[in-house]
Amino acid sequence: MNKLLAVSPSPHVHSGESTKRLMFNVVLALVPALAVTLFYFGVGALVVTAVAIVSCLLFEFLIQKYLLKVKPSVTDGSAILTGLLLAFNLPSNLPWWIVVIGALVAIGIGKMSFGGLGNNPFNPALVGRVFLLISFPVQMTSWPLPVESRMSYIDAVTGATPLAIVKEGLSKGTSMSQLAEQIPSHMQLFMGTMGGSLGEIAAFALLIGFVWLLFTKVITWHIPVSIMSTIFVFTGILWLINPEANADPIFHLLTGGVMLGAIYMATDYVTSPMHPKGMWVFGVGIGVLTVLIRVWGAYPEGVSFAILIMNAFVPLINRYMKPKRFGEEVKRNG
Amino acid sequence: MSAGMAIEVLSLPKQVIIPISQHIGAPATPVVAKGDKVLVGQVIAKSSGFVSANIHSSVSGTVASLDAVLDSTGYKRPAVTITVEGDEWLPEIDRSADLKTDINLSAEEIIAKVNEAGIVGLGGATFPSHVKLSIPKGKKADVLIINGVECEPYLTSDHRLMLEKADELMVGILILKKALGVERALIGIENNKPDAISHLQKVAAKYKGIEVYALKVKYPQGGEKQLIKALINREVPSGGLPIDVGTVVHNVGTAFAVYEAVQKNKPLIERVVTVTGKNLPKTANYMVRIGTPISHLIESVGGLPEDTGKVVNGGPMMGKSLNTTDAPVTKGTSGVIAFPEKESMRSEVKPACIRCGKCVSVCPMGLEPYLLNRLSQRKMFENLENERALDCMECGSCSYVCPANLPLLDYIRLGKAEVNAIIRARKN
Chain A
21 MNKLLAVSPS
31 PHVHSGESTK
41 RLMFNVVLAL
51 VPALAVTLFY
61 FGVGALVVTA
71 VAIVSCLLFE
81 FLIQKYLLKV
91 KPSVTDGSAI
101 LTGLLLAFNL
111 PSNLPWWIVV
121 IGALVAIGIG
131 KMSFGGLGNN
141 PFNPALVGRV
151 FLLISFPVQM
161 TSWPLPVESR
171 MSYIDAVTGA
181 TPLAIVKEGL
191 SKGTSMSQLA
201 EQIPSHMQLF
211 MGTMGGSLGE
221 IAAFALLIGF
231 VWLLFTKVIT
241 WHIPVSIMST
251 IFVFTGILWL
261 INPEANADPI
271 FHLLTGGVML
281 GAIYMATDYV
291 TSPMHPKGMW
301 VFGVGIGVLT
311 VLIRVWGAYP
321 EGVSFAILIM
331 NAFVPLINRY
341 MKPKRFGEEV
351 KRNG
Chain F
13 MSAGMAIEVL
23 SLPKQVIIPI
33 SQHIGAPATP
43 VVAKGDKVLV
53 GQVIAKSSGF
63 VSANIHSSVS
73 GTVASLDAVL
83 DSTGYKRPAV
93 TITVEGDEWL
103 PEIDRSADLK
113 TDINLSAEEI
123 IAKVNEAGIV
133 GLGGATFPSH
143 VKLSIPKGKK
153 ADVLIINGVE
163 CEPYLTSDHR
173 LMLEKADELM
183 VGILILKKAL
193 GVERALIGIE
203 NNKPDAISHL
213 QKVAAKYKGI
223 EVYALKVKYP
233 QGGEKQLIKA
243 LINREVPSGG
253 LPIDVGTVVH
263 NVGTAFAVYE
273 AVQKNKPLIE
283 RVVTVTGKNL
293 PKTANYMVRI
303 GTPISHLIES
313 VGGLPEDTGK
323 VVNGGPMMGK
333 SLNTTDAPVT
343 KGTSGVIAFP
353 EKESMRSEVK
363 PACIRCGKCV
373 SVCPMGLEPY
383 LLNRLSQRKM
393 FENLENERAL
403 DCMECGSCSY
413 VCPANLPLLD
423 YIRLGKAEVN
433 AIIRARKN
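Residue numbers (our numbering), protein chains in the order written: chain A, 21 to 354; chain F, 13 to 440.
Bear in mind the hints are in silico, worked out from the structure with no lab data behind them.
Where a beta carbon is used, it is the ideal one built from N, C-alpha and C, also for glycine.
Listed next, the stretches of chain A that the computed footprint assigns to chain F, with coverage defined by at least 3 CB atoms under 8 Å from CB atoms of chain F: (1) 23-29; (2) 33-45; (3) 133-144.
Assemble the whole structure, with the sequences as input and the hints as a guide.
Laid out in structure tokens, this is it:
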């Protein structure tokens, strides 16, 4: 035996799990929602999605190659995912150059300025989205109507989102029963027949993706379930107190990107807590903040801001929400 | 892969290399000189303290040297090399296959016998067994736990032993129970070995106070603390021992060795070793004399295939990779695994931890490997101690699941060594 043997510390085997596989599974989970949005928003959805993904990839590549001078890692799938999620948070009639600016902010400021994948405190896609929302409030809050605007892009027929209708109406003193005709039914909301950003409309498609993510063990249920149950309980209490001045909890769950945010944005590995205990704190925080913004704040929806605010608390949560150490408490009940 | 292969007695090699330190604790002191004739079972190195173990010759022949040789750790360590001549055993060893069920010795005599026979934990930890049987003053055990989990994937030596030597195993357990003065013994087996579970359940019915339990398959279920938790739901406190929660854990291989020592006068001179690997011509479970060069086991299965890149002594998760197959089988060798070239090298490390939390969710000790990794890299050893780095048992689960392929355990090991040094310095 003269052959040289490799010597390395254990373990000698690996699960084969990779960052790339995780990222592509999330992208795969978003395919049903993408199909739905292409069905409702047609050309516009296609343009916005394509521009967002391509520019995210391009900016990541350029920044890594020429600014940071490191080996570009665009193939790890994270930039594609950021682009897709950014597109899902935009209206389908958004001019392409605004999408490009959003991608630059998402990748350049949201991600690369902190050191790239794994180091960013805030969800990059949401950083991009919120930047655009504040910089281009008009373009960012004109929402094409589904189906009707299928064959058009910039010139799409627009209308208010269900949440905006409710917010506007309630602030003028209109009651929920008077607003009922103007807002879509729960079934329509579930199937996605409403105005809104690309990815927020079809709850059922997003839930199919959720099942896929759980099945492939990409995420655990803790964050989505804690966010949704908090929103459900909080808005449910408000609704029980006064059903005329508050929308019902199911309406809240199905609108304004709760599903998209809870399942795909808040669960972003980098910007969410490491441990289930912390995930609950994080999720409940997002739920409470979302409802506070929606009911008492200036914006009709609030998921993006709620997630970004809670992102800032993640290091603190990780510090105090530790897993239960083995042997911490001695049980004697054998 | 090798679970279906019955235990075969491996042929004698030309020469055996028997290290004088095959256990945790002080190395034994050699009591033979070059040129001495030895018989099978003869003591060649004496235990040199309470936590130490006798070493016996596993063959008959002439002592060729007492020099240091490369052992499975990759270091040169003192060992007794014996040239094999024939196979003559000490006359007092009962080599018949008859089952002896009557236990005539008292508890003290059993412990003395186990000590004499040089028995150590055969699951891989190699802690001297008589120490575990001598319960310190003020502590009490109420249950004996027998580890039939097979500590790691790929290994099947315990599995085969349970199938083929069930009665001897049961008597061994009765002996251990008597030594500890406990009424109950629980055998834990993972339910991916249904044949072993049903067989042992049947056999256990003939003996008093032995229960067999099927456990969920979940590495590292065979970790001592995990096994205790799974079987009797007690958690060994951080830094504590099983006896702190009223139990003692022994491996099935150890129980079998205890049977042979107490009932047959046979010291620990051989053990079951699994030889396996994807591309090996065949896999096997061998009854191997201690000190047999690992190359002899490999030749017996047809030799290493061309594309072998790594040979591991032990399991895939915690075993040590060998730099030479001339290293001998020791008391702690549960298996030998040959890995093909392309599985031997670490794959490329991805640049970043994506904070997925998978390492946290798999850590059996409830630690945060990503954090320990980071603290160790930044040399923040005080923090590392506070984060309970020393509770880490190096099972390798964190490195195994890491999607970024980070060498988490490598850095944690490094950090643990530093923390241990700090603690020692504090005591002085």
